[in-house]
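Visitor: Sequences and hints are given; from them, build the entire structure.
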Amino acid sequence: MRLTDIERAMLAGKLGEPRRWAIEQQMRVGRFFDAKDFVEVTQVHLMADTESLGDSGVRFLEELAAESEAERRVRVPTVTDPRGIDFAAYKRLKQTERMADLERRAIAAFRAMGVMMTDTCINYQTIMPPVRGEHLAFGDTGSTIYVNSVLGARSNFEGGPAALAAALTGRAPRYGYHLPEKRRGTAAFALKTRPQSLSDWGAVGGIIGRKLQSYWQVPVIEGIEEAPTSDELKHFGAALASFGTVALFHMVGVTPEAPDRRRAFGRRAPPRAKPITAADIRAFYGSYGAKGDKLDVVVFSAPQLSLVEMQSLAGLVSGRRIHSGTTLLAATSPEIKAACDRMGFTAAIEGAGGIVASGVCFYQMHAREIGEANGWRRLMSNSAKLVNIIGGYGYEPVLATMERCVDSAVAGKVL
Amino acid sequence: MKPRILHAHPGIGPKVTGVALVAADYFSARYDLDRIKGVFSRPAHKLYGQPYVGRVLVLLGAKGGVATSWMLREMSERGLAPLALLLNTANPIMAQGAAFANLAFLDRFKGDVTAAIRTGETVTVDPVAGTVTLEG
Chain G
3 MRLTDIERAM LAGKLGEPRR WAIEQQMRVG RFFDAKDFVE VTQVHLMADT
53 ESLGDSGVRF LEELAAESEA ERRVRVPTVT DPRGIDFAAY KRLKQTERMA
103 DLERRAIAAF RAMGVMMTDT CINYQTIMPP VRGEHLAFGD TGSTIYVNSV
153 LGARSNFEGG PAALAAALTG RAPRYGYHLP EKRRGTAAFA LKTRPQSLSD
203 WGAVGGIIGR KLQSYWQVPV IEGIEEAPTS DELKHFGAAL ASFGTVALFH
253 MVGVTPEAPD RRRAFGRRAP PRAKPITAAD IRAFYGSYGA KGDKLDVVVF
303 SAPQLSLVEM QSLAGLVSGR RIHSGTTLLA ATSPEIKAAC DRMGFTAAIE
353 GAGGIVASGV CFYQMHAREI GEANGWRRLM SNSAKLVNII GGYGYEPVLA
403 TMERCVDSAV AGKVL
Chain H
757 MKPRILHAHP GIGPKVTGVA LVAADYFSAR YDLDRIKGVF SRPAHKLYGQ
807 PYVGRVLVLL GAKGGVATSW MLREMSERGL APLALLLNTA NPIMAQGAAF
857 ANLAFLDRFK GDVTAAIRTG ETVTVDPVAG TVTLEG
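Heads up: the protein sequence lines correspond to chains G and H, in order.
Just so you know, the first sequence maps onto residues 3 to 417 in my numbering.
Just so you know, the second sequence maps onto residues 757 to 892 in my numbering.
Keep in mind that the hints were calculated from the coordinates and are not lab data.
There may be inaccurate statements among the hints.
[To be verified] Computed list of lysine-lysine pairs in DSS-like fashion (alpha-carbon distance at most 27 Å, straight line): (1) G:Lys213 <-> G:Lys184; (2) G:Lys213 <-> G:Lys38; (3) G:Lys38 <-> H:Lys771; (4) G:Lys293 <-> G:Lys276; (5) G:Lys184 <-> G:Lys293; (6) G:Lys38 <-> H:Lys866; (7) G:Lys213 <-> H:Lys802; (8) G:Lys93 <-> H:Lys793; (9) G:Lys96 <-> G:Lys296; (10) G:Lys213 <-> G:Lys276; (11) H:Lys758 <-> H:Lys771; (12) G:Lys93 <-> G:Lys415; (13) H:Lys866 <-> G:Lys184; (14) G:Lys194 <-> G:Lys296; (15) H:Lys866 <-> G:Lys213; (16) H:Lys771 <-> H:Lys866; (17) H:Lys866 <-> H:Lys758; (18) H:Lys866 <-> H:Lys802; (19) G:Lys296 <-> G:Lys415; (20) H:Lys793 <-> G:Lys96.
Guide: So this is what it looks like as structure tokens:
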């Protein structure tokens with residue numbers, strides 16, 4: 003890879019051990035993907051929940067944080083993805099002191115490096131939405147696909163150590179979705195029905211994701227007659243990225259790099275569009291269904307809920323009581339949680355017997371251990387992303403609309 | 757029998773020799789594994805219930821989220837990692853995780869690597885050369 007003077011200085015260790023480690027890590031990845039050089043980034047979004055980090059990852063962070071302040075501080079604004087513990091809720095959820103201790107150590111290390119603990123995967127809705135053409139190092143699949151597709155910014159999936167390295171160097175290897183020629187459509191889908199709910203949009207993302215299964219494919223979606231909302235695109239993108247490891251989509255007439263079909267594909271001849279029908283959506287729900295079963299836990303998370311989703315949930319549970327055998331959990335960002343406290347949404351949800359967790363996301367909360375500790379197996383959610391992930395943690399997931407999830411939580415069984 | 761050599765793009769990590777575990781399916785450490793017991797735990801995965809520790813995992817590609825980038829190193833330090841990972845097509849997360857964990861990792865084979873190697877075969881993975889040698 004071609005290096006600038008400052009990059010050579012980092013590699014030689016002249017700017018400290020953290021930056022030497024960081025650029026060496028980035029060069030190994032850059033060479034793997036044939037990157038010719040680096041591109042400077044303006045924001046980093048860092049995924050580092052303690053379940054993923056483990057003891058070894060936290061020790062690694064502590065070693066970096068023990069270096070001198072000049073050598074350990076991040077070079078660009080860096081924010082965090084959801085954490086594994088909400089210190090106000092972890093005892094109610096039967097998370098352990100060991101988990102909480104690991105979390106405290108990770109937070110202390112990040113703070114020493116100058117990382118801002120935003121603890122959110124919806125930073126593009128709540129912290130600082132990127133702009134078209136801005137180069138980033140985003141480390142959550144849902145946040146990456148949203149900023150690439152909906153906002154026209156440029157990032158690859160930068161997983162935890164890669165995002166941390168980008169924060170320390172202020173750059174990322176220039177390959178993949180930093181390059182305009184890689185951002186053109188490669189597959190086409192025609193939506194033949196208008197999704198009616200957030201879970202419908204997640205289902206459509208899941209259906210397309212199942213058909214792709216490669217990071218390098220860029221689906222173009224046609225047939226959208228009315229612009230979806232930010233939350234609808236959030237659920238669509240999160241599911242598409244989860245089921246298909248996809249980092250970029252175009253929606254003709256909606257997203258900025260697809261004002262029309264021709265420009266979505268660039269010089270490529272557009273392929274024939276595969277239809278997505280109402281029957282496909284029903285079949286997708288059918289693959290995560292279990293009517294009549296006792297319901298252990300209802301989760302609204304993945305991605306964290308926006309203020310608008312929290313308002314919807316508060317309205318649905320208001321004046322009702324969650325069944326004593328069922329836990330209802332909603333996860334949002336600290337900023338949105340504060341707004342919900344102020345506006346009475348938290349009181350409405352918790353007054354009905356639910357739990358509002360802040361700065362966490364369910365599958366990043368040591369999901370296997372809390373499931374075993376609480377006796378949770380049958381899980382219901384309106385998040386297609388969550389039902390895709392959570393089966394591997396020993397849960398039996400059901401996908402449904404927010405309304406049906408709430409009705410089921412009140413009944414204590416899957417309706 | 758003469759050894760067979762498969763060619764890929766140059767990869768990441770050390771040269772290793774081990775026994776292959778193969779499936780025409782995808783991979784994510786978070787979605788698919790019980791990283792405490794060292795087995796595939798996702799019921800829908802073709803390797804469900806199979807132990808993966810110390811094996812050369814041969815799969816179609818990457819899937820899902822970003823957690824694998826941290827998890828491979830943690831799994832290595834606890835002695836619960838695969839020996840190597842071979843994919844037809846990587847995503848950045850697998851490469852970032854392999855680089856962080858110093859795990860042998862290759863992709864972009866000429867042809868479908870899951871069809872070229874069978875479970876139980878002994879293979880030598882050479883990331884610098886970008887080759888996998890199947891013992892005769």
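Visitor: It remains to establish, for every hint, whether it holds in the given structure.
Guide: Cross-check of the supplied hints:
no. : hint                  : result
1   : G:Lys213 <-> G:Lys184 : holds (19 Å)
2   : G:Lys213 <-> G:Lys38  : violated (31 Å)
3   : G:Lys38 <-> H:Lys771  : holds (25 Å)
4   : G:Lys293 <-> G:Lys276 : violated (31 Å)
5   : G:Lys184 <-> G:Lys293 : violated (44 Å)
6   : G:Lys38 <-> H:Lys866  : holds (23 Å)
7   : G:Lys213 <-> H:Lys802 : holds (17 Å)
8   : G:Lys93 <-> H:Lys793  : holds (26 Å)
9   : G:Lys96 <-> G:Lys296  : holds (21 Å)
10  : G:Lys213 <-> G:Lys276 : holds (10 Å)
11  : H:Lys758 <-> H:Lys771 : holds (20 Å)
12  : G:Lys93 <-> G:Lys415  : holds (25 Å)
13  : H:Lys866 <-> G:Lys184 : holds (22 Å)
14  : G:Lys194 <-> G:Lys296 : violated (35 Å)
15  : H:Lys866 <-> G:Lys213 : holds (22 Å)
16  : H:Lys771 <-> H:Lys866 : holds (20 Å)
17  : H:Lys866 <-> H:Lys758 : holds (19 Å)
18  : H:Lys866 <-> H:Lys802 : holds (23 Å)
19  : G:Lys296 <-> G:Lys415 : holds (4 Å)
20  : H:Lys793 <-> G:Lys96  : holds (22 Å)
Violation of the numbered hints given earlier is confined to hints 2, 4, 5, 14; the remaining hints are satisfied by the structure.
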